[in-house]
Amino acid sequence: MTRLALQLVFAGALLASFGPTPVCAQAPGTPVDARAPASGWPEPVKDNRVLNFLTFDELEGRTNGPNTSFRWDGQGWIGTDFNKLWIKSEGTVINGITSDGDHEILYDRPIPHLRYFDWQAGVRLDLDSGPTRAWAAIGMQGLAPYFFNFAPTLYVRDGGRVAGRIEGSYDLYLTQRLILQPQVELNFYSQADRGRGIGSGFSDLDGGVRLGYQFSRKFAPYLGYAYSGVFGQTATFSRQAGQPTSAPRLVFGVWVWH
Amino acid sequence: MGIAAVVEGKLNQADAAVIDHAPSVLTGNHFDLTIEPHHVDFTGRRAQAIKINGTLPGPTLKWREGDTVTIAVTNHLPAETSIHWHGMRIPAEMDGVPGLSFAGIAPGKTFVYRFPVLQNGTYWYHSHSGFQEQLGLWGALVIAPRDKDPIEYDRDYVVLLSDWTDTKPETLYSNLKKQSDYYNFHRRTAGTFIEDGKNKGLRSTLADRLMWGRMNMTPTDIADVTNATYIYTMNGNPADANWTALFTPGERVRLRFINASATTLFDVRIPGLPMTVVQADGNYVQPVTVDEMRLGVAETYDVIAQPHEERAYTIFAQPESRGGYARGTLAPRLGMTAEVPPMDAYPNRTMEDMGMGGMAHVKGMKMGGMSSDQMPGMKDMQMNGMTDNSMPEMKDMDMSAMRDGAIEPLAGKAPFSQPGPRTARLMPPPSRMMSRPTETREGEVPLHVGPEVVGVAMKTSPRLHDPGDGLNGNGRRVLTYSDLRALYKGADGRPPTREIILHLTGNMERFIWGFDGYKFSQAEPIHLKLGERVRFVLINDTMMEHPIHLHGLWSELENGNGEFSPYKHTLLVKPAERVSYLISADTPGRWAFHCHLLYHMASGMFRTVVVS
Chain A
537 MTRLALQLVF
547 AGALLASFGP
557 TPVCAQAPGT
567 PVDARAPASG
577 WPEPVKDNRV
587 LNFLTFDELE
597 GRTNGPNTSF
607 RWDGQGWIGT
617 DFNKLWIKSE
627 GTVINGITSD
637 GDHEILYDRP
647 IPHLRYFDWQ
657 AGVRLDLDSG
667 PTRAWAAIGM
677 QGLAPYFFNF
687 APTLYVRDGG
697 RVAGRIEGSY
707 DLYLTQRLIL
717 QPQVELNFYS
727 QADRGRGIGS
737 GFSDLDGGVR
747 LGYQFSRKFA
757 PYLGYAYSGV
767 FGQTATFSRQ
777 AGQPTSAPRL
787 VFGVWVWH
Chain B
5 MGIAAVVEGK
15 LNQADAAVID
25 HAPSVLTGNH
35 FDLTIEPHHV
45 DFTGRRAQAI
55 KINGTLPGPT
65 LKWREGDTVT
75 IAVTNHLPAE
85 TSIHWHGMRI
95 PAEMDGVPGL
105 SFAGIAPGKT
115 FVYRFPVLQN
125 GTYWYHSHSG
135 FQEQLGLWGA
145 LVIAPRDKDP
155 IEYDRDYVVL
165 LSDWTDTKPE
175 TLYSNLKKQS
185 DYYNFHRRTA
195 GTFIEDGKNK
205 GLRSTLADRL
215 MWGRMNMTPT
225 DIADVTNATY
235 IYTMNGNPAD
245 ANWTALFTPG
255 ERVRLRFINA
265 SATTLFDVRI
275 PGLPMTVVQA
285 DGNYVQPVTV
295 DEMRLGVAET
305 YDVIAQPHEE
315 RAYTIFAQPE
325 SRGGYARGTL
335 APRLGMTAEV
345 PPMDAYPNRT
355 MEDMGMGGMA
365 HVKGMKMGGM
375 SSDQMPGMKD
385 MQMNGMTDNS
395 MPEMKDMDMS
405 AMRDGAIEPL
415 AGKAPFSQPG
425 PRTARLMPPP
435 SRMMSRPTET
445 REGEVPLHVG
455 PEVVGVAMKT
465 SPRLHDPGDG
475 LNGNGRRVLT
485 YSDLRALYKG
495 ADGRPPTREI
505 ILHLTGNMER
515 FIWGFDGYKF
525 SQAEPIHLKL
535 GERVRFVLIN
545 DTMMEHPIHL
555 HGLWSELENG
565 NGEFSPYKHT
575 LLVKPAERVS
585 YLISADTPGR
595 WAFHCHLLYH
605 MASGMFRTVV
615 VS
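Each protein sequence line maps, in turn, to chains A and B.
Note that the first sequence covers residues 537 to 794 in our numbering.
Note that the second sequence covers residues 5 to 616 in our numbering.
The set of hints was computed from the structure by calculation and includes no laboratory data.
No false leads were mixed into what you were given.
Pairs of lysine-lysine, DSS-like flavour, derived with a Cα cap of 27 Å: (1) Lys582/A x Lys182/B; (2) Lys152/B x Lys493/B; (3) Lys754/A x Lys172/B; (4) Lys463/B x Lys204/B.
Here are some chain A residues the structure puts well away from chain B; computed CB gaps all over 10 Å: (5) Thr599; (6) Val629; (7) Ala687; (8) Ser705; (9) Gly778.
Backbone N, C-alpha and C define an ideal beta-carbon position, used for all residues, glycine too.
With these hints in hand, go ahead and build the complete structure from the sequences.
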């Protein structure tokens with residue numbers, strides 16, 4: 537009896553659902569292939585868009601009065617969230633002579649189980665006015681806790697030569713647009729390379745503090761102080777070549793990105 | 005400000021488009037919509053937008069419950085387009101999601117939508133292609149009930165809220181991908197450190213900075229996109245254009261608020277005038293009077309305001325990020341204005357938003373480990389709410405029904421009606437309603453931190469009594485989800501047969517968003533069996549609100565009101581919140597399920613729900 541009553545309720549419910557109006561095209565029984573979309577349909581969401589990025593952390597003149605040099609340190613990528621082709625380039629031009637020319641082409645991918653770091657692997661070319669060198673490169677790059685940008689890289693080339701580089705920087709927001717950025721780059725080499733004036737061990741440091749104003753997020757002129765110095769055996773080579781072992785400079789440049 | 009003819013219609017149908025740039029109104033059951041590229045000038049600069057029949061917003065479409073409507077949509081854009089009828093319960097192939105329901109509308113082509121209107125209330129429509137929502141491809145839907153409207157009102161206005169930028173949305177998306185705080189100009193700085201140090205002491209300020217810094221997160225992360233690029237509009241009018249709705253003192257004015265923005269949460273109030281909420285997401289609720297309410301993207305609330313004085317009132321809608329605002333005026337005559345209230349303070353995320361215990365570096369989190377005593381609110385909810393018996397097998401219900409009659413097997417397999425005065429509630433046999441111990445069906449969710457997941461909230465709770473960040477303790481009565489009680493009983497009284505738990509996850513820094521740690525392109529669809537009754541549990545592991553929208557099926561929010569659970573199409577889930585809702589999988593098809601923040605959806609916070 538109860539069951540019959542309930543069935544009547546069911547029937548009532550169904551009738552009330554539809555009333556006099558026509559039933560939807562997809563009434564029960566209509567075959568619906570609800571599994572796969574038809575071919576040729578677009579993806580409902582394109583969450584793997586290929587984007588590209590180019591930024592210069594240093595695009596600047598460096599001067600100590602009598603001598604002025606130009607330095608760039610930039611990087612860029614093209615790719616998706618999980619696969620990127622990454623390029624890096626840096627160098628210093630003094631009186632038409634380029635030194636410290638370092639250019640890298642890397643494949644970049646997020647490190648599983650790490651939130652903010654990517655690993656990168658590829659090739660580094662030392663390409664400037666000195667002799668050319670080619671290295672295999674492997675490293676990581678990302679955001680360390682407390683918002684430190686951090687990028688250690690290991691390089692290897694023929695003859696078992698190994699080099700290392702550590703880059704770090706921090707953006708200290710003084711106001712919403714005024715940014716003080718300390719930055720440092722350290723280089724190490726396992727063996728001396730006289731052709732490029734590089735000794736073994738800790739070879740050189742390039743660091744600075746820059747104060748920039750973001751007129752927009754993508755355009756921020758800055759002023760600052762930069763110090764580059766060579767150490768250990770590299771310093772010895774420099775002295776032998778009659779070159780200074782340290783160069784404190786005032787810098788002026790612009791942070792840009794696209 | 006041009007003044008158009010004031011259409012002083014019959015009371016109760018006074019859709020007076022009092023300002024010439026309010027959306028036009030189309031009525032009937034056949035509609036022709038033409039989508040075209042158009043220039044607009046909201047900010048003094050010409051910018052590219054999309055208009056429908058020459059207007060932005062598109063025309064308000066007025067339908068009648070019980071009609072079958074035909075809408076022929078012609079695409080004059082150089083790109084594919086679509087129109088999705090947000091909140092409409094219609095056949096899947098009419099739902100308008102390119103890639104799921106159809107192929108989209110190619111340039112130069114016309115697509116004819118045709119479906120019966122089996123519900124009433126306030127809804128809206130918008131493009132589901134690319135970033136076209138940001139460019140203005142949206143408008144309001146107002147569906148008159150077949151029965152007498154339980155709401156009495158003398159005037160009726162649609163209030164569409166949105167965000168506009170002169171920047172191309174593709175650029176905006178790309179900026180967020182490369183620098184997720186690109187539009188946040190409320191960052192913590194040396195200046196705020198000194199200020200906080202003075203107010204709270206150096207030690208606690210430093211501890212607080214270190215706590216957030218350790219995770220590379222910031223409590224100032226309120227909105228992805230702010231007034232650094234947005235202006236906010238009401239019915240397509242910037243604040244200074246002052247869209248105006250007329251009233252005669254003593255009249256009941258129905259305002260149909262629709263958050264049609266791409267990515268902005270709006271807090272709406274009318275200083276000096278309480279608002280009585282009578283409908284949420286197109287469904288009637290027991291009237292509840294408030295001073296303010298938050299609209300997640302895509303949510304709608306109908307309110308009744310009854311001004312008795314011969315004066316103007318400001319309709320004020322501030323974004324959660326508290327810069328810029330949308331504004332209009334409720335006035336007895338055109339040209340009147342009222343004071344625009346000052347902006348509230350910029351909110352900060354709290355430990356509660358973070359999930360109290362901080363973010364866990366857990367590898368494989370056992371869901372069952374979240375015992376309900378960690379969630380006191382949840383316990384109440386389940387007590388008062390739907391009898392919380394997970395029924396192990398739906399199958400035997402169908403079987404037993406089949407033995408006795410031909411109708412029962414259809415249970416849930418034909419669309420249920422929207423709750424209304426004539427809704428009969430489908431009840432399973434009493435034996436099926438017997439209380440059983442709650443059975444947690446999910447096993448281990450392989451949820452770990454990584455590129456897609458910054459953290460897992462350790463303590464989550466249903467924050468249904470919480471009005472949300474920036475609205476607590478402001479001295480005003482603010483609508484919360486616990487205030488929403490349906491006016492009519494729900495149509496499906498069956499308890500759910502299973503639970504589907506989904507974590508809302510993301511990595512703000514990389515601007516990757518998803519469910520359970522996966523983007524759309526990495527994930528499989530969620531499968532529901534036609535006719536089944538399911539509980540969805542959403543756990544927000546992120547520090548932001550997400551308005552989660554399920555196409556095609558109602559989301560019945562479990563907020564302690566049992567058979568009077570409010571029916572919604574979009575649920576705003578707060579940080580570290582755990583909410584549950586019931587779904588009757590009564591309409592077959594491939595349905596979109598996604599975060600309605602446009603840039604989160606585009607970053608992967610999207611799933612397909614297959615009902616078959």
